[in-house]
Amino acid sequence: MSSLAVTVVGHDRPGIIAAAADALATCGMNLEDSSMTLLRGHFAMTLVCAGDAAVEAVRAALEPLSASGLDVAVREVVPDPDVPAAVATHLVTVYGADRLGIVARLVGVVSEAGGNVTDLTTRLSGELYVLLAEVALPVGAAPGTDVDALRAHLEEVASDLGVEVTLRSVENDEL
Amino acid sequence: MSFDETTLPPGRVREVVRAPAHVLAAAGPEVDPTDPEVVQLCADLVATMRVSPGCVGLAAPQVGVSAQAFCVDVTDHPKTRTAHGLVVLVNARVVESSRNERAREGCMSVPDLTGDVKRATRLTVRGQLPGSGEETDVVTDAFEARALQHEIDHCAGLLFLDRVAGAHALHARQVYLDAPADPGA
Numbered sequence: 001m002s003s004l005a006v007t008v009v010g011h012d013r014p015g016i017i018a019a020a021a022d023a024l025a026t027c028g029m030n031l032e033d034s035s036m037t038l039l040r041g042h043f044a045m046t047l048v049c050a051g052d053a054a055v056e057a058v059r060a061a062l063e064p065l066s067a068s069g070l071d072v073a074v075r076e077v078v079p080d081p082d083v084p085a086a087v088a089t090h091l092v093t094v095y096g097a098d099r100l101g102i103v104a105r106l107v108g109v110v111s112e113a114g115g116n117v118t119d120l121t122t123r124l125s126g127e128l129y130v131l132l133a134e135v136a137l138p139v140g141a142a143p144g145t146d147v148d149a150l151r152a153h154l155e156e157v158a159s160d161l162g163v164e165v166t167l168r169s170v171e172n173d174e175l
Numbered sequence: 001m002s003f004d005e006t007t008l009p010p011g012r013v014r015e016v017v018r019a020p021a022h023v024l025a026a027a028g029p030e031v032d033p034t035d036p037e038v039v040q041l042c043a044d045l046v047a048t049m050r051v052s053p054g055c056v057g058l059a060a061p062q063v064g065v066s067a068q069a070f071c072v073d074v075t076d077h078p079k080t081r082t083a084h085g086l087v088v089l090v091n092a093r094v095v096e097s098s099r100n101e102r103a104r105e106g107c108m109s110v111p112d113l114t115g116d117v118k119r120a121t122r123l124t125v126r127g128q129l130p131g132s133g134e135e136t137d138v139v140t141d142a143f144e145a146r147a148l149q150h151e152i153d154h155c156a157g158l159l160f161l162d163r164v165a166g167a168h169a170l171h172a173r174q175v176y177l178d179a180p181a182d183p184g185a
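Keeping their order, the protein sequence lines are chains L and S.
Take 1 as the starting number for the first sequence in the UniProt record's numbering and just add one per residue.
Take 1 as the starting number for the second sequence in the UniProt record's numbering and just add one per residue.
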């Protein structure tokens, strides 16, 4: 049993997911985690699948997608059982006029504080640029001065960039 | 407890400011509810809300004025449970809240995006009436509660963008309405 990471990127059209899923199923690869979205007309799919097929066999099965102009990559991934899944404890919201370096600098601040970004989306809507980042802060960092220090640092960098930032804890849904 | 609109002077329609204008991110100061300029501002907010399609609330920062004043009217909106008609408040704050629920919000100052925001659905808001300055409580729920919190956030320099529930809780607006739909404005 192996785990493979597959990425498919290219101009969007109907049928990409169906073709990729069918190819993987034909190889006996079970689709485990996946993320698929449309970014400015480009379809982007990342998934992890597990099964007995070799990398080359999966690559061959996905060849029709490559031949149709999509960028397809397949590589083996080794799961690390010692690394626990990071759980987002905080959400960073940034918005402002679009300019170069917003993501790099603000996510850099999170990284310096030991925070792990677990999910991130950006949207450009007219002149408005919005960044949303879910962040797992190190155990023991929250709640307390570490979070306050991170917030202060984010606000300092945001001010320098001329954008607005908020950092707040994520409320878990209680069912 | 609908606000008596006849106590306001005629309102003028003002231009609505859009993000990322800085005034939307600045906490507005408390203002004197008896000041004629504040009363005129409230009248202008109501007039602007009335002519804006789908708008059920408008706060001072949205017309470029950093101040704690807003109006809300969710009457006849399909998501409304309790409605107080026109609500116009100055220096309002939440004094009691419970029962959070997530729902979609839009905003005239962020016209092309909507977001999923968790807010209290049972709410008590205390503020002052423009003109008399009388302090009043609004006890409400559901959609009106959401709209009030959205406007109080505006007065504190917060947009719904600062409240969305997660990295995937922001959406491109699908529908641009001629009729009331999203809370806040």
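Hints in this document: simulated from the structure, not taken from any laboratory.
Keep in mind that a hint or two might mislead.
[Said to hold, decoys possible] Listing some non-contacts, in silico: residues in chain S with all C-beta distances to chain L over 10 Å: (1) Val-17; (2) Arg-18; (3) Gly-64; (4) Ser-66; (5) Val-94; (6) Asn-100; (7) Asp-112; (8) Thr-124; (9) His-168.
[Unchecked claim] Simulated coverage check for chain L against chain S, where a stretch passes if three residues somewhere in it have a Cβ under 8 Å from a Cβ of chain S: (10) 20 to 31; (11) 160 to 167.
Glycine included, every Cβ here is placed at the ideal spot set by N, Cα and C.
Checking the smallest CB distance to chain L, is Asp-112 of chain S really beyond 10 Å? violated (4 Å)
Can we trust that Asn-100 of chain S is non-interface, i.e. its beta-carbon lies farther than 10 Å from all of chain L? violated (7 Å)
Using Cβ atoms and 10 Å as the threshold, tell me whether Val-94 of chain S really stays out of contact range of chain L. holds (16 Å)
Find the nearest Cβ of chain L to the Cβ of Thr-124 of chain S and say whether that gap is larger than 10 Å. holds (21 Å)
Just double-check Val-17 of chain S for me: nearest Cβ-Cβ distance to chain L has to come out over 10 Å. holds (12 Å)
When you look at the beta carbon of Gly-64 of chain S, is every beta carbon of chain L farther off than 10 Å? Holds: least Cβ distance 16 Å, greater than 10 Å.
Mind checking, does the region 160 to 167 of chain L have 3 or more residues with a CB under 8 Å from chain S? holds (count 3)
If we take the beta carbon of Arg-18 of chain S, is the closest beta carbon in chain L still more than 10 Å away? violated (7 Å)
Proximity test - 8 Å, beta-carbon atoms, the region 20 to 31 of chain L to chain S, at least three hits: That given contact is violated, which follows from only 0 residues of the region 20 to 31 of chain L lying within Cβ reach (below 8 Å) of chain S.
Is the nearest CB of chain L more than 10 Å from the CB of Ser-66 of chain S? holds (14 Å)
Beyond 10 Å from every Cβ of chain L: is that where the Cβ of His-168 of chain S lies? It is violated; His-168 of chain S is separated from chain L by about 6 Å at its closest Cβ, not greater than 10 Å.
In this structure, the earlier hints numbered 2, 6, 7, 9 and 10 are contradicted, and the remaining ones agree with it.
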